[in-house]
Amino acid sequence: MKNKYDVVIIGSGIIGSLTARYLSRYNLSVLVVEKEIDVGMCPSSANSAIIHAGYDPKPGTMKAEMNAKGNRIWHSLAPELGIVFEKTGSLVVATSEDDVSKLKQLQEQAAANNIPGVEILDKEQLKTREPLINPEAVAALWAPTAAVLDPFGAVLAAAENAVANGVTYLFETEFTDFIIDSGRITGIRTTKGDFICRRVINAAGLYADEVTRKAGARIDFSITPRKGSYLIFDPMKITLKNVIFPVPSEMGKGILASTTTHGNVLIGPNNEACDGKNDTATGEDGLMEVFNGAKRLIPSLDLKNVIAQYCGVRAKGNGTGDFIVEKASEVQGLINLLGIESPGFASAPAIALRVIELLKESGEKLEEKPDWNPVRKPFPHFHRMSNVERKKLIAKNPAYGRIVCRCEEITEGEILDAIHSPVPARTYDGIKRRTWMGTGRCQGAFDYPRVIAILSRELGIPAEEVTKKGKGSELVYRGTKECAQ
Amino acid sequence: MNTTYDVVVVGAGPAGLAAAIEAKKTGAGDVLIIERNDEPGGILPQCIHNGFGSVIFKKDLPGPAYAYNFIEEAKTLGIEIVLDTMVLNITPDKKITAANSRDGFLEFEAGAIILAMGCRERTRANIRVPGDRPAGVFTAGTVQRLVNIEGLMPGKNFVILGSGDIGMIMARRLTLEGANVLKVVELMPCLTGLRRNYVQCLQDFNIPLSLSTTIKRIIGKKRVEAVETVKVDESLNPISGTQETIACDSLLLSVGLIPENELSKKAGVILDPLTGGPAVDENMATNINGIYAAGNVVTIYDLVDYVSKAGMIAGTNAALYTMGKSSSPKYYRLIPGDGVRSVVPQRINTSNIALKSSSTEILIELRVLHEFDSKVFIDIMDGDKVLYSHMEKYARPAEMITLRVDTSKLAGATGDLTVVVSSK
Amino acid sequence: MERKFVCIRCPQGCEITTTLNGNGAITEITGNSCRIGADFVKAELTDARRTLTTTVRVSGGTRPLCPVWTEKPVPKDKVLDLAAQLRTITLNAPVSAGQIIIKNAAGTGINIVASAPVMAPGGK
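Protein chains in written order, with this note's numbering: chain A, 1 to 485; chain B, 486 to 909; chain C, 910 to 1033.
Hints may be right or wrong, so weigh each one.
What the hints assert, rightly or not - Listed below are the simulated SDA-like cross-link pairs for lysine to any residue, each with C-alpha atoms no more than 25 angstroms apart in a straight line:
id, chain 1, residue 1, chain 2, residue 2
1, B, K751, A, T261
2, A, K237, B, G753
3, B, K668, B, R680
Claimed, not checked - Partner residues are not named here, just some residues of chain A that face chain B (Cβ under 8 angstroms, in silico):
id, residue
4, N387
5, A399
6, I403
7, R441
8, G479
To be clear, the hints were calculated from the coordinates, so they are not data collected in a lab.
For each residue, glycine too, the CB sits at the ideal point set by N, CA and C.
One chain only, chain A, in its complex shape (with noise of 0.2 angstroms):
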């Protein structure tokens, strides 16, 4: 295994592999390092999906700076990645008098931030856009430019392009300490050994904390996770037009009403104390709570119509809850990505550039590679296609004619593609997360058996080594026959 690279990058989220996919660019070695089995298995995956037009964060900080400049280039971004992207606006709703003179608070701060096309819509234009909106409600603030995506997609397709441009991607490796030589970073430790570098980026997320603090920088920077559950809803029972917000309060957007570019309902998220920060269950209560929340924007939500419930966890940092995207000034060679919380994923991209200058700054001198290839093509997918496509797609390879998850007409060929991509699909939360197998109305109770048998045959393992999301989620676990008694 190469043990020597010019810039290692820590975390696998969409900080991390947007940075990749930008470094690729330049005729560098990058290592990605991931504790994970796969890329984005944080909160990267687990997350209200926005990317948010940019009115929300305050003036002059760098949330407003990187969230209204990420926004932008999500734009032309998402198709260049072959990146589900929807741009369905969102929206603000007011219920009282009170509230309106919050949304016009809201769009002045727009205008600050520089946010184009922000509006004050009236009852009936709010109806107009989205018709099962709480008929209490009086207002709207419009904003054109925000957007639903597909936030593992991004993910994956971030760093399979960072692949195909010459990055490295090490999954179940799990940094452990820096290398560092009289005040400089030489290297990194980690479960799978020693790497040589020049560069680290910190893109840890949630555990950005305690990276840095190994490299005795931002000593007093922690993040206390909170956590935030979501419901999703059956796209055959009820969709929604738009991202709607109620009017903001302290402590954050709210609890939301979405669509996602899968057609579902989403809501969420509530606000809540972590056990810790893998601390992904859901419970009853926040459940509930976000259930209730999201009512109050949308009442013909119906608990019966729930087909899938998670939890995320914010990098919540301590200090000014300002985004940090600097230089460590304690050691050299440490770019520091600290408190990416919300929105995050709509600033990544701004962030990810922001990181190439602080390299620039840094005196790294980045040649452009002649054959770079901004471009990644995304795989088939067959439940988006018309007849004639899908025609022509089974006629050059009949795996796409099987289909293996009924709910979301997912094909072999599809769950074939994700094992053998560019970043490959090792678990069936890989396969589910590219492929949207599973994610339906029997949330894979049908495809369950199928899906281990493939697996088993691709990976060549037994099919009691077939896992969920990694060592230790094994599906299975001996033969029917194979029992001593």
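Put chains B and C on the given structure of chain A with help from the hints.
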């Protein structure tokens, strides 16, 4: 394979097989069954337990044997079955698109279509069990397939949520293959499956059952490590202080079935919100001319024999439709009245009941809203007038009641009919 | 002495109470709605039987397992032993429906048979 068929059946389960056979016997020309699984029989090949066939074969058969009888008959009759093939769309003018990896993208035109897609299981999200999302949470049917068909054991120590028949049958099945079933918990204060399954699946193997209990939380990040159970009160609210943590590696869910009707909706078929399946008449005809539906796609049955019976009715009438022997009918609705949760069929062809002389039997399947411990009367009412009355020794929401009604009994009907249950 | 049973002979599941005298002989049966219920209780007290349904490993077939069952109910206390015995058997495909897997299983006089066929690849 042709591109046009007189009758196309979607699903080769007990309803679809019976429908295709009956359609062929009635005189339909080419009959095709499209099946998504790699063998015919629907869920039956994995239901290796006995208890099937008492009505149709007057025998107690295991599921695979019950299915085998139908599969052999279908073969003998020259019915085509295309396996491993998923139907993607059905239009109201009876064009079907499907796909498989052998023949590619398929398009068919059908004279008549019979919807026999069956049902799916309710999942963890439907009942919102909180916790993380580890491996080891399975629906009962998935485990049944893994253990009985694929030959794979998905766990060592199981807790089962739901005392439905599949849950109890899997408790026995897992025990017989050397797994530990630690407990079956049931939210309701009574068993939701048959009592005989409690005896032969739980009691025989000393598997404890906790009624009025549910799973409060799933513990474990990668694989299930434990579940937390809690007692519930009469209004099904958790009683604090009654939590109990059970260490286990698997949670098996047996929390109900839902008719599978995504294709029906695409075809423009109107569904009954009470059953979740197409609203049909006594011939199993839907609102779309030439599209019929039968089995668990219409309503969840207790006995597979009645699923097959419904298939037969749909098959006969679909064949008659393609042979031009079916006129556009007028209907009286059949409405669930006091004490009744749902009724199938939802409407009756007036020409079928107009003739006093005709004596055809129609099947009416209903479920009651709550438990009746003693004698109950099920009446079909035309306004205040009782046209038909039937007595049962008891009635339970978990058990479907099948009425075999002679249409001559309904001959005097003047309008929509109501079905009511009372203990009088 | 009183003993309670739930009859398993039909879906109704009658709760039946029997009264036994000091010699263990039945003196009264109540709660059953038919004669089958009374017969069931008598059998449960003297010779309780169950139908065993399980699977057997198959080699060279299109499926790894073949579903099997006891043609008639076998003594209840033999069920677990028979299930364990069946775990040790491997059949060769093809297996036909009704094929005898074990004759006179555990000396009960009852055969264990395949409830469905398992083909060899190629449809044999």
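A quick look at each hint next to the structure:
no.: 1; hint: B:K751 <-> A:T261; result: holds (21 angstroms)
no.: 2; hint: A:K237 <-> B:G753; result: holds (16 angstroms)
no.: 3; hint: B:K668 <-> B:R680; result: holds (17 angstroms)
no.: 4; hint: N387; result: holds (6 angstroms)
no.: 5; hint: A399; result: holds (6 angstroms)
no.: 6; hint: I403; result: holds (4 angstroms)
no.: 7; hint: R441; result: holds (7 angstroms)
no.: 8; hint: G479; result: holds (5 angstroms)
Of the numbered hints stated above, none is contradicted by the structure.
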